[in-house]
Amino acid sequence: MEIKGIVRELPRIQIREIEPPKWLQPNAPTENAPYADFGAMLREVIGQVNDAQQHSADLAQRFARGEPVDEQTLVLAMERASLAFQLTLQVRNKVLDAYQEVMRLQV
Amino acid sequence: MRINTYRTFWDTPTLQASERAMNRATTRHKLLAHNLANANTPRFVRWDLPEGEWTPAPSVQRALQAGVLPLRTTDPRHISLPPTAQPHAATPTPQPTPMRTDGSTIDPEYELAQLAENELRYAMLARIANGQIRTLQTAIREGRGQ
Amino acid sequence: MGLISTLRASASGLSAERLRMDLIADNLANANTTRTPDGQPYRRKVAIFEPIAPTPRMPGGVRVAQIAQDASPPRMVYDPSHPDADPNGYVTYPNVDIVHEMVDMITASRAYEANIQAFNAAKDMFLRTLDIGRV
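Protein chains in written order, with the numbering used here: chain A, 1 to 107; chain B, 1001 to 1146; chain C, 2001 to 2135.
Honestly, the hints are just simulated from the structure, not real lab data. Mixed in with the good hints there might be a few duds.
Below, a list of computed lysine to aspartate or glutamate pairs in the EDC-like style, where the Cα atoms sit at most 20 Å apart [as the list claims (entries may be wrong)]:
| no. | chain 1 | residue 1 | chain 2 | residue 2 |
| --- | --- | --- | --- | --- |
| 1 | C | K2045 | C | D2124 |
| 2 | C | K2123 | A | E67 |
| 3 | C | K2045 | C | D2079 |
| 4 | C | K2045 | C | D2104 |
| 5 | C | K2045 | C | D2097 |
| 6 | A | K94 | A | D58 |
| 7 | C | K2123 | A | E71 |
| 8 | A | K94 | A | D37 |
| 9 | C | K2123 | C | E2113 |
| 10 | C | K2045 | C | D2026 |
| 11 | A | K94 | B | E1142 |
| 12 | C | K2123 | B | E1117 |
Let the sequences and hints guide you as you build the complete structure.
Rendered as structure tokens:
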């Protein structure tokens, strides 16, 4: 029987520590590492969007107060924030569309 | 586990490069304008950025964004700058200029030529940045609508 | 403030050169004034330029530290019949050299125009920046 065969082989099986894949290692290089799950990615990206908006608002307020802010820095920060926001909107629309499509599915 | 934050969708290498180059062009303009304002100041030594330094160090970048001109001080009378900014971004360059008896090193024609080149370069960089941003906008909109 | 503040630097250059041209005009007009209201012959006026130290809000420029009188010796012309002749018959004429003033005037006006170019360049760069991202 197979089980007997396996039991016979047990002493010869060596338990080795298998190296976890790179992306699960705690100190792995973070460039191009895949996300743990969709939720984590979403949270991270929303954080980045928020950072971009904050940065842009901060620069704009400093400029309005008369502090020395380079114009191109301000404009590019504003444009980046705008792009980030547009992307968020589109993603939201897509998610909504997907949800509605799923709801429409006939069971 | 840290997630990839090296680059985001809306901050491409093109945008980063063009922003750095525009920062440098702005700094260069400040220096050239200062030179030209002092075209007739006796014993004035012209300021300029070193050749080929189109990607300044991050500390210099921060200093520029803080609005402080990074200056190398070779003379105690020169303006000093915060220790966080690296020196050697803007240097006085004793340009050998003929025909100036008052000791000034400013040749207005040379300054104007540099000014024009700087301006055109900036215009091109602005166009590059603009193109990149519009491309990203179109990508977001998937080519539909405006 | 970047480019916007360089407008002030260029404007300072314009003011300084303008003042210099005013002084030159004054010198030329009084090139032969042997007696000013204070009794002395006219002395050549000269503007002392000084660079403005760059700060975050004001990236440099130039200022007129003072309007000084040229200390070089006056022109002595032998003319005993002149009402302002001294006991030896010499008249003290202002230390204004017309040729020198004309050269200064050309330099000043050249610098003035150069500063206008710098001013326009800053304005152009700024307006282009505003158009980034606009459809």
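Okay, the hints, checked on the actual structure:
1. K2045(C) / D2124(C): violated, 37 Å
2. K2123(C) / E67(A): The hint holds at about 19 Å.
3. K2045(C) / D2079(C): Measuring from Cα to Cα gives roughly 25 Å; hence the hint is violated.
4. K2045(C) / D2104(C): holds, 12 Å
5. K2045(C) / D2097(C): Holds, at roughly 12 Å.
6. K94(A) / D58(A): Outside the cut-off at roughly 30 Å; violated.
7. K2123(C) / E71(A): holds, 12 Å
8. K94(A) / D37(A): This hinted pair holds, its Cα atoms lying about 18 Å apart.
9. K2123(C) / E2113(C): Status holds; Cα separation ~15 Å.
10. K2045(C) / D2026(C): Since the Cα atoms of K2045(C) and D2026(C) sit roughly 8 Å apart, the hinted pair holds (cutoff 20 Å).
11. K94(A) / E1142(B): This hinted pair holds, its Cα atoms lying about 12 Å apart.
12. K2123(C) / E1117(B): At roughly 15 Å apart (the allowed maximum being 20 Å), E1117(B) and K2123(C) satisfy the hint.
In summary, the numbered hints that this structure violates are 1, 3 and 6.
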